[in-house]
Structures are given as C-alpha cells and as structure tokens.
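Peer 1: Here is how the chains run, residue by residue.
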Amino acid sequence: MKISAEQKPGNGNRVILAKRTIPNSDPEREEYLFQELRELAKAAGYLPVGELKQTRYPDSRYQLGRGKIEELAELVRNTGADKVIFYNRLSTTQLFNISEICKCQIIDKFQLILEIFAKRAITHRSKLQVELARLRYEVPRARAVVSLVKKEERAGFMGLGDYEDSYEQDLKKRIARIENELESAEKDDESLRALRHRKGFSLISLAGYTNAGKSTLFNAIVSECVEAKNMLFTTLVPVTRALDLGGRKALLTDTVGFIEDLPHWLVDAFKSTLDEIFLSDLILLVVDVSEKPEMILQKLSTSHDTLWDRIQGAPIITVLNKVDLVDESELDSILEQIGYMAPNPVFVSAKKGTGITALKAEIVKHLPPWCFCSLSLPNSEEGMSILSWLYEEGIVHRVEFGELIHVDYEARTEIINRAHALLGPKET
Amino acid sequence: MWDIIAVDISGRHRIKGGYYMVCAAAALTVSANYIEKVKQVKILPLWLKRAPSLLDIVQLIEDTADQLSFEGTIVAEKGDMYNKPRWVTESMFSRAFKYQESIAERRSIELVHHISLSTRNLLIKELQIEA
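From first to last, the protein sequence lines are chains A and B. Residue 371 in our numbering sits at position 371 of the first sequence, and the numbers go up by one each step. Residue 72 in our numbering sits at position 72 of the second sequence, and the numbers go up by one each step.
By construction, these hints were calculated from the structure, which means they are not laboratory data. In this text the structure is predicted, and so the values were computed from the model without any measurement. Possibly wrong hints are sitting among the right ones.
In silico lysine to aspartate or glutamate, DMTMM-like type, Cα no more than 25 angstroms apart, as pairs [as the list claims (entries may be wrong)]:
| no. | chain 1 | residue 1 | chain 2 | residue 2 |
| --- | --- | --- | --- | --- |
| 1 | B | Lys84 | A | Asp327 |
| 2 | B | Lys78 | A | Glu138 |
| 3 | B | Lys78 | A | Asp26 |
| 4 | B | Lys39 | A | Asp309 |
| 5 | B | Lys84 | A | Glu28 |
| 6 | A | Lys271 | A | Asp59 |
| 7 | A | Lys365 | A | Glu291 |
| 8 | B | Lys98 | A | Glu291 |
Some but not every residue of chain B turned toward chain A, in silico, with C-beta under 10 angstroms [unchecked claim]:
| no. | residue |
| --- | --- |
| 9 | Trp2 |
| 10 | Tyr34 |
| 11 | Pro52 |
| 12 | Asp56 |
| 13 | Pro85 |
| 14 | Trp87 |
| 15 | Glu101 |
| 16 | Ser102 |
| 17 | Ala104 |
| 18 | Glu105 |
| 19 | Arg107 |
Cβ coordinates follow ideal geometry from the N, Cα and C atoms, glycine included.
With the hints as constraints, model all of the structure from the sequences given.
Peer 2: Encoded structure:
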C-alpha cells in the first residue's frame, strides 16, 4: 500500500473521517457513531480536517461508491490530510484500492483503536497484548497483502517464491510466542487472585462503556488520583487499590472500557486485562446517565454482550454516574426506561461525590456472604494470638474478657472453620 | 422482574429432502441479569421443502409461542431473523417482540438454544431422518 504521509508538509496528524451508513438506519444513532469516531480520532492525537458520509449498501471494491471515493481523494488533496479513517471495517482489497486513489494512508476504526492502545501501552504486558491484537488483525489479511504487493512483479528465474505462506507462518509463530508469554502472566494473575481471596479480600471491578467515568468513580471511592480524562480509552492498564467497607476488605480494580462492535479477536487479546472484570466477586457497571435513554440502553447492551457469558453469575451493580448533569425529576423516568438492563441501580456523581455512601452500602450487600459466630477462646497467650488473627481476618463485633475470652465474630466460612479447628469442639 | 418468551430455532441448514427445523420457546421471568423462573417450555418441529423465508420463521415462532400458557415479550437472536432490523421484525409479529439485550435475555436464548438443538438431534435419531 502506498503511504504518502511522510512526503506531505505538516505534523502528520491531519485526518479525514469517512463513514458509510446503511439506508433506513436511525440518523440520530448514526450521528452518535460518527461522534464516537471523532472522539476516537481525538484520543489517538489526530486532528480531523474533513468528513465524508454516504448512505448506501457496501461496495465490494471501495466500501463507498467510486464517485464518492474520488470526492474523498479531492478532499485529501485540498486539505492536505495525511490519513483517512473509515468507521466501517475495510477488507484488504478495499484498503488497497482506496489508498491507490487517495494517495494517502487508509485505516479503519479497528486499526485506530489499535493505534490508541499502542500509544497508551506502557507495561510490558499491555505492549504484548497490543502486538497480539495487531497480529491477529493481520493474519487473515496476510496472504492478500502479499499477493497485492507482488502483483506487479514479473516472473523470472527464482523470481517467485512461496513467501505468501512464509509471511503468514511467521505471523502465526509470533502469535504463538506472545500467547505463551501472556499465558504465564495469566497464571501469575490467577495465583495472585487466589492469594487475595485467601487473605480475605473480595475482588470488585469497574466495568462499563468507554468514557463512562470509571476512573473518576475509582478516584472518588478509593481517594486515589489515577488519570481520568474526558477521552476514550484513558485507562488501558488495570489499576487496583484496597478498599475498606466497614471492616470488610476489598480490592477495587479500574479497567479498560468497552466499545460497540469490539471484535472478538481484540477482546481475546486483552483477555488477561479483562479477566480482572470477568473473575471478580462483584462488578460495578458504570453508565453515563446524562445521555439519552436510547444511548444508555445501547451502551448497556454492548456491556452486557461483553460480560454475559464470561462473568460466571457474579452480581452486578449498575452505577448510574454523572447524575449531577441530569434534572432530579427526570431520574425516575430514566430508570423506568433502562431498568430491564440495569441490575441493582445506584445514582452517583463521581465528580461531586454524591451517592458514594449509598454505593458502598450496596457493594457490602452484594459481596460474598460472611458468617456470624460466637467463639470462646482460652484467656492465655495462645488465645490472645488467635484473637489477634481473628481481628486481621474478619470483623470482631464484641469481645468480653473473663476466665475465657468471648468473641462475636463475622468472617468468611473458611476462616470460621479454621478457628473452630484451632480451638477444638469444646471451646466453641 | 419481566416476563419474556425466549425462542430459538435449530436446523436452518439444508438436509436431504429439505429443511428440518425445531423451534423451542420458554416462558421465563427474568431480572436484568438472572433468569428468575422457568415457567414452561414448548417445542415445535417443521418440515419445509424449500429454504425458509422470514415469514416462515415468524410463523413458526408464533405457533410455538401460542402453545405456551403464559404471556410475555418474544425475545430472539438477531441471526434467527436474518439480521433484519428490529423495526422490520417487530411489525411482523402479533405480540411484542425484541432482540436479546440484557444478560438474562442472553442466558434465556442460550437455554432455549440447547433445548431446540438437543430436541432436533433426538428427533432426527428417533425418526431416522437422513441428515
């Protein structure tokens, strides 16, 4: 493919956004999707200098109609754009054909998301995940890319080889290597999660559509200051902080946001990051309630689609965020419209800090249950050391010192069983 | 809690002599993320010599849902309705219709999918239909 971005003056970040919409689609929704593309471009550091839309069924050679592509080429010339970003997924042939006419680099929404991820990837693991996603995107196109590139080659002695296969094989080998490396990281994560559970921590994660305010909510709940911006995909690497919920210890994790039509290969590539959500005890599904109900439903549907078969029945609390931007009288009507998609809803303004107490109470209600019991410990050095251990592992409601130490205690079943085992049947 | 009728059709591919489809419909009560109650399940097989049209699919779903003693919004997968937009399919049904959205609705579709698929496999074996 011809890339002429380097030859042009400017800082290389001027782009034209293009989208094809199918006939009879909802214009408001299409405008919203276009706005999402604008914001994605902004998040990747691009400056949109032109836009082009067409309503039609897809053209197999150019995605848009041939005439529209020529219009696009003229727009590229007039604006000096370095790149064209398509909302629609482009086949290898379409990419090649359009770049031949427009004489600039052409990418689609998925490549744009990969670019954003690549820019934000700071840890070794996130870099591997981005590389894996990029390779998985490339594999089905590998053969076509090679055959397009060598289309103009002339046959001669030893001129033609089987590098179509070898390029694809090379990609597959690199995918296998990265998968192995990520798999060992996943095992580390699994043992870390098991250790946290053993230590009595409940695992809670923040999930939701990108730019719903997850990081702001995270900061409000755990009094942290992770980066929170009005930008898509601000958080890429999960951040975990401890949270004290009236004696119960929990770990809250802020994660990457979801987006509509996120292809499965991308979700799979970020599996080890998304596992933070999928394997948690409780999920806080964050939603921007200041948007139109139809939009909220659409975003909830995307979130439910990503979560439904991966969360193994974990409870969900729907955090209806940005409540400060909505008139209080409208909240009931919004809830009525989105209720069937919003389990255990709680209204919150992460920015103003309202509703955080109610949210924490709701979290405690849905955490895995702890058991109550009364124990009688010997008033000895051993009894005191067990009491100190009980303080670490659960909530001590009442202690009475006498000949024996009487304790009213709340903890996970395993801890209570262990305490019973330590004491023997007589003392309990 | 919401009352829904989850439906799924198995066997939309051609076998010897035509198309042997089985539709399963389950009357369920769901919350946003859990199936709260399974009230009734009904199945209906259909032989077609030609490829099923959207109208055939709508009729099959309606006939299966009519056997249930419970009311509810029919919930189906978009693929079952040839990926037609909701406004097209909605207008073809005599009762409320929607595509799956929430976790509970997706779980419901998963449930009826297993019912229709295993029923079809059983019928094909028992009736010795050449697949």
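Peer 1: Next, verify each hint and record whether it holds.
Peer 2: Going through the hints against the structure:
no. : hint                  : verdict
1   : B:Lys84 <-> A:Asp327  : violated, 36 angstroms
2   : B:Lys78 <-> A:Glu138  : violated, 28 angstroms
3   : B:Lys78 <-> A:Asp26   : holds, 17 angstroms
4   : B:Lys39 <-> A:Asp309  : holds, 23 angstroms
5   : B:Lys84 <-> A:Glu28   : holds, 19 angstroms
6   : A:Lys271 <-> A:Asp59  : violated, 34 angstroms
7   : A:Lys365 <-> A:Glu291 : violated, 28 angstroms
8   : B:Lys98 <-> A:Glu291  : holds, 22 angstroms
9   : Trp2                  : holds, 6 angstroms
10  : Tyr34                 : holds, 8 angstroms
11  : Pro52                 : violated, 23 angstroms
12  : Asp56                 : violated, 23 angstroms
13  : Pro85                 : holds, 7 angstroms
14  : Trp87                 : holds, 8 angstroms
15  : Glu101                : holds, 5 angstroms
16  : Ser102                : holds, 5 angstroms
17  : Ala104                : holds, 9 angstroms
18  : Glu105                : holds, 8 angstroms
19  : Arg107                : holds, 7 angstroms
Against the hints set out earlier in the document, violations occur for numbers 1, 2, 6, 7, 11, 12.
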